[in-house]
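Generate the whole structure from the sequences, applying the supplied hints.
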Amino acid sequence: MSDQRLGSQSPLAIEASGLVKTFGSTRAVDGVDLAVRAGTVYGFLGPNGAGKTTTIRMLATLLVPDEGSAQVLGHDIVSEADAVRSKVSLTGQFASVDDELTGRENLVLLGRLLGYDKTQAKARADDLLDAFELADAAGRQVETYSGGMRRRLDIAASLVVPPELLFLDEPTTGLDPRSRNQVWEIVRALVGQGTSVLLTTQYLDEADQLANRIAVVDHGKVIAEGTSAELKASVGSGSVHVRLGDADRRPEAQSVLTANLGVPVNLEADPVSLTARVDDPERVAGALGELARAGVAVSEFSLGQPSLDEVFLALTGHPAEVPEDDDDTRERADEDEEDAA
Amino acid sequence: MTTATVPATTARQQTINAVQAVCASCERPAPASVLSTVGTFGWRALLKIKHVPQQLFDVTMFPILFTLLFTYLFGGALSGSPSDYIQFFAPGIVVQTVVFITMYTGVAINTDVHKGIFDRFRSMPIWRPSVLMGAMLGDLARYTIASAIVLGLAVALGFRPDGGVLGVLAAMVLLLAFAWGLSFIWVIFGLKLRTPESVMQMSITVLFPLVFATNIFVRPKTMPGWLQPIVEYNPVSLVVTAVRGLMQGNATGGDIGIALLVSAAVLAVFAPITMRLYAKQQ
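Residue numbers (our numbering), protein chains in the order written: chain A, 1 to 341; chain B, 1 to 282.
Each hint should be verified, as a subset may be incorrect.
[Claimed, not checked] Derived EDC-like pairs (lysine to aspartate or glutamate); straight-line CA-CA distance at most 16 Å: (1) B:Lys280 to A:Asp66; (2) B:Lys48 to A:Glu143; (3) B:Lys50 to A:Glu100; (4) B:Lys115 to A:Glu143; (5) B:Lys115 to A:Asp99; (6) B:Lys48 to A:Asp99; (7) A:Lys122 to B:Glu27; (8) B:Lys115 to A:Glu100; (9) B:Lys48 to A:Glu100; (10) A:Lys118 to B:Glu27; (11) B:Lys50 to A:Asp99.
[To be verified] Simulated DEER-style distance windows between Cβ atoms: (12) B:Ala141 to A:Asp99: 16 to 24 Å; (13) A:Asp82 to B:Ala21: 26 to 34 Å; (14) A:Ser234 to B:Val34: 49 to 57 Å; (15) B:Phe62 to A:Gly194: 55 to 63 Å; (16) B:Gln201 to A:Ser10: 52 to 60 Å; (17) A:Gly147 to B:Ala148: 36 to 44 Å; (18) B:Gln55 to A:Asp130: 30 to 38 Å; (19) A:Glu133 to B:Ala24: 15 to 23 Å; (20) B:Val34 to A:Glu15: 28 to 36 Å.
[What the hints assert, rightly or not] With the Cβ distance kept under 8 Å, some of the chain A side facing chain B (calculated, not the full set): (21) Leu62; (22) Leu101; (23) Leu109; (24) Gln141.
For the record, the hints were derived by calculation from the structure and aren't laboratory data. Predicted, not measured: the structure shown is a model, and the values here were computed from it. Each residue gets a CB set at the ideal place from its N, CA and C atoms; glycine is no exception.
Set out below in structure tokens:
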């Protein structure tokens, strides 16, 4: 991994060394080092149970690390937790707004807690509702909101007093593409404003779209760190997916492709699918020609960027677990990582 | 791979401009005082009662059924007539109502701490226990409303408190003080146990003997000798005696003093334990 740094002039928004958090016998976070430049987006990429949420919760002063230390915006997360809290906002993985209250009530509540008087808090709430296109739903209880609206309210709630550093824990998990794009625009707008953002995600393309630098985490450890270009380069230039017409021909297809691509070819869970990371996309056409010559029917084929699974496979030797969107696994997601192993 | 459809550039630019404008246009307020954050969380609790009023119905259903059941089924047998019995029983059933509702404080905390909103509160620069204190403030409102409903029913059934409005109000203040201390116990369960159901289960297990082995329903001297001291020194009985005395206008200073002492003792024992657990809660 090259040591090329983006914005190496700016001070560090987050500097962590050797963070460890243990739940029972599970080391949810197992020695994480981090250096996040102010004014940049840093992506924390990994599957469920990798320790992303636990790391964020430590940095947001919700959990006290068992070992290691971290400075957030120049303040120690344990001994100066109050100073950290006055400069950061957290948008948790599961909507950190109150379902039973209306959108406006949520924002007024937070405004009051942060020190606005009633009039200011209401005015601030209305400004935010307008900016986040929620004015029409302001008087409705949040439980009636769609996933995208809830997420926007959630982010708006983090900006009642704009923080210097915003933690976004899986901001787009479970959102439709349109809502996801909206969230991305919001994140870009914030960064344009000078806010630093630490976001966790399970999606490579999200990290790719938003983050200046990415840390890939697995089993509580950072296993790779760099810009998205650097990470992709470490994984190979692309990956090829092939679906066959007939599952019985798969072993034959595997050997033909292996021979012609010169790289290992993996069998997917889907009995007609094969994938391979290719260093040289030029060879793909030839390999497909060989398949046709061997009489193996191909029903679908694509050549594309490596997926998170492939990044993981390349970096860890095991695939990323497919996340399940379970509603109340917030902490268990991290505790259950033995199951994920 | 194809990229997802991108919204029109103007719409994107509008979003970006609006978000940036709303971030730029805001002065940082001075931090809120503890009193103000506690009050704000109390307001949150009241909003929840407003949005989900059926929760009040849930907690007053049983006391209403109990009042009707005891007054009309057992009243004659216990005191000669239902109207005589309700004079004795009404203050007691109000205490029972409130004592039972206190357990919902623990249930509510348990539900709250597992939600994302709790993380947000804890990551804010505010005095952390104000969430808990505010919730308890809201609960006081709930206790008051539930008591008013049950008292109203009792009056409709013929209860005539000789202590007058002042006596009833004084009794309520005493009862609320006791209930506040008691609610700290259920918050311990709320913080320690995993699910709201188990909090409810545990609380009921403790509450049942505490509420039934009392002088709420009958006078202790009708009970077997070995049981009488248990019932008489049950803290709930001591509070019932004072509440009944205040409502009926015949309370002694001793009764009131003991009830206040009991309330203070419950608070002094359990509030520090709860606050410690709460501070350590992760």
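How the hints compare with the structure:
1. Note on Lys280 (chain B) and Asp66 (chain A): the hinted pairing holds, with a Cα-Cα distance of about 14 Å set against a maximum of 16 Å.
2. Note on Lys48 (chain B) and Glu143 (chain A): the hinted pairing holds, with a Cα-Cα distance of about 13 Å set against a maximum of 16 Å.
3. Among the hinted pairs, Lys50 (chain B) with Glu100 (chain A) is consistent with the structure: their alpha-carbon atoms are about 10 Å apart, no more than 16 Å.
4. Between Lys115 (chain B) and Glu143 (chain A) the alpha-carbon distance is near 13 Å, which keeps this suggested pair within the 16 Å criterion.
5. Proximity of Lys115 (chain B) to Asp99 (chain A) is assessed by CA-CA distance (about 10 Å); at most 16 Å being required, the pair is judged to hold.
6. Annotation: proposed proximity of Lys48 (chain B) to Asp99 (chain A) holds, straight-line Cα distance about 10 Å (limit 16 Å).
7. Of the supplied pair hints, the one linking Lys122 (chain A) and Glu27 (chain B) holds, its CA atoms being roughly 14 Å apart against a limit of 16 Å.
8. A hinted pair counts as satisfied when its Cα atoms are at most 16 Å apart, and Lys115 (chain B) with Glu100 (chain A) qualifies at roughly 12 Å.
9. The suggested pairing of Lys48 (chain B) with Glu100 (chain A) holds, with an alpha-carbon distance near 6 Å, which does not exceed 16 Å.
10. A distance of roughly 15 Å separates the Cα atoms of Lys118 (chain A) and Glu27 (chain B); the hinted pair therefore holds under the 16 Å criterion.
11. Of the supplied pair hints, the one linking Lys50 (chain B) and Asp99 (chain A) holds, its CA atoms being roughly 14 Å apart against a limit of 16 Å.
12. Between Ala141 (chain B) and Asp99 (chain A) the Cβ separation comes to about 21 Å, which falls inside the hinted range of 16 to 24 Å.
13. For Asp82 (chain A) and Ala21 (chain B), the hinted distance range of 26 to 34 Å is satisfied, since their beta carbons lie about 30 Å from each other.
14. Here the CB-CB span from Ser234 (chain A) to Val34 (chain B) is close to 51 Å, well matched to the stated 49 to 57 Å.
15. One distance hint, 55 to 63 Å for the beta-carbon pair Phe62 (chain B) and Gly194 (chain A), holds here, with the actual separation near 57 Å.
16. Separated by about 54 Å at the C-beta atoms, Gln201 (chain B) and Ser10 (chain A) satisfy the suggested range of 52 to 60 Å.
17. Here the CB-CB span from Gly147 (chain A) to Ala148 (chain B) is close to 41 Å, well matched to the stated 36 to 44 Å.
18. Between Gln55 (chain B) and Asp130 (chain A) the beta carbons are some 33 Å apart, a value that agrees with the proposed interval 30 to 38 Å.
19. The hinted range of 15 to 23 Å is satisfied by Glu133 (chain A) and Ala24 (chain B), whose Cβ atoms lie roughly 18 Å apart.
20. A hinted range of 28 to 36 Å for the beta carbons of Val34 (chain B) and Glu15 (chain A) is consistent with their spacing of about 32 Å.
21. Because the beta carbon of Leu62 (chain A) sits about 5 Å from the nearest beta carbon in chain B, less than 8 Å, this interface hint is met.
22. A cut of 8 Å between beta carbons decides the hint on Leu101 (chain A): the least distance to chain B is about 6 Å, and the hint holds.
23. Restraint check, Leu109 (chain A) versus chain B: the minimum CB separation of about 6 Å is within 8 Å; hint holds.
24. With 8 Å as the threshold, the beta carbon of Gln141 (chain A) comes within range of chain B, its nearest partner Cβ sitting at about 6 Å, so the hint holds.
Violated hints for the displayed structure: none, as all numbered hints are satisfied.
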